[in-house]
Amino acid sequence: MLIALLLAVATVPAGQMFACTPIRVWDGDGPVWCREGPRIRLGGIAAREIDGSCRRGQPCPRASGIAARDALVRLLGGARGRSGTGHILVTGPRLQCRSTGNAKGDRTGAWCSAPGIGDLSCAMIATGTVLRWQRYAAGHCR
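Positions -19 to -1, 1 to 123 (mature numbering (1 follows the signal peptide of the UniProt record, and there is no 0)) are the ones given, in order, by the sequence shown.
Check each hint, because a few of them may be wrong.
[Claimed, not checked] Quick list of simulated restraints, FRET-style, between CB atoms:
hint, residue 1, residue 2, range
1, Pro(-7), Ser94, 17 to 25 Å
2, Arg75, Ser34, 29 to 37 Å
3, Arg75, Gly(-5), 18 to 26 Å
4, Gly99, Pro40, 16 to 24 Å
It should be emphasised that the hints constitute simulated quantities derived from the structure, not laboratory data. By construction, the Cβ of each residue, glycine as well, lies at the ideal position given by its N, Cα and C atoms.
Input sequences plus hints: build the corresponding full structure.
Below, the structure is given as structure tokens:
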């Protein structure tokens, strides 16, 4: 019951564990939309925006935003279509996530893992399409 109440809010409180079954992806570091409700900003990484730009004050990888998004989609089982808003539809593996708290707006910052993938942020770094963001990596993905 408590978990259901937590997932009904816009973001999952820091430190809480929660499940996420990915259904939509916007770009290489999120948001990843979960069937259970949360929208996740992956912890400790930075990707270019879909338009190719980089946000001020964050690492700027060489790979395009589209390449990073597509790498994340592949890790989550591949594209199943596209929404009218441009999100890539996925039916990814169920992720186990630990919230790092609000990641601006209605996104939950989180470290997530899944069988066969391991830590999703570290797997994204291994694709070469995102960079480890030292400020938020907290010892992860070394």
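Hints, one by one, checked against the model:
1. Pro(-7) / Ser94: 17 to 25 Å: Given range 17 to 25 Å: holds, Cβ gap about 19 Å.
2. Arg75 / Ser34: 29 to 37 Å: 32 Å, holds
3. Arg75 / Gly(-5): 18 to 26 Å: 20 Å, holds
4. Gly99 / Pro40: 16 to 24 Å: 21 Å, holds
The structure agrees with every numbered hint stated previously.
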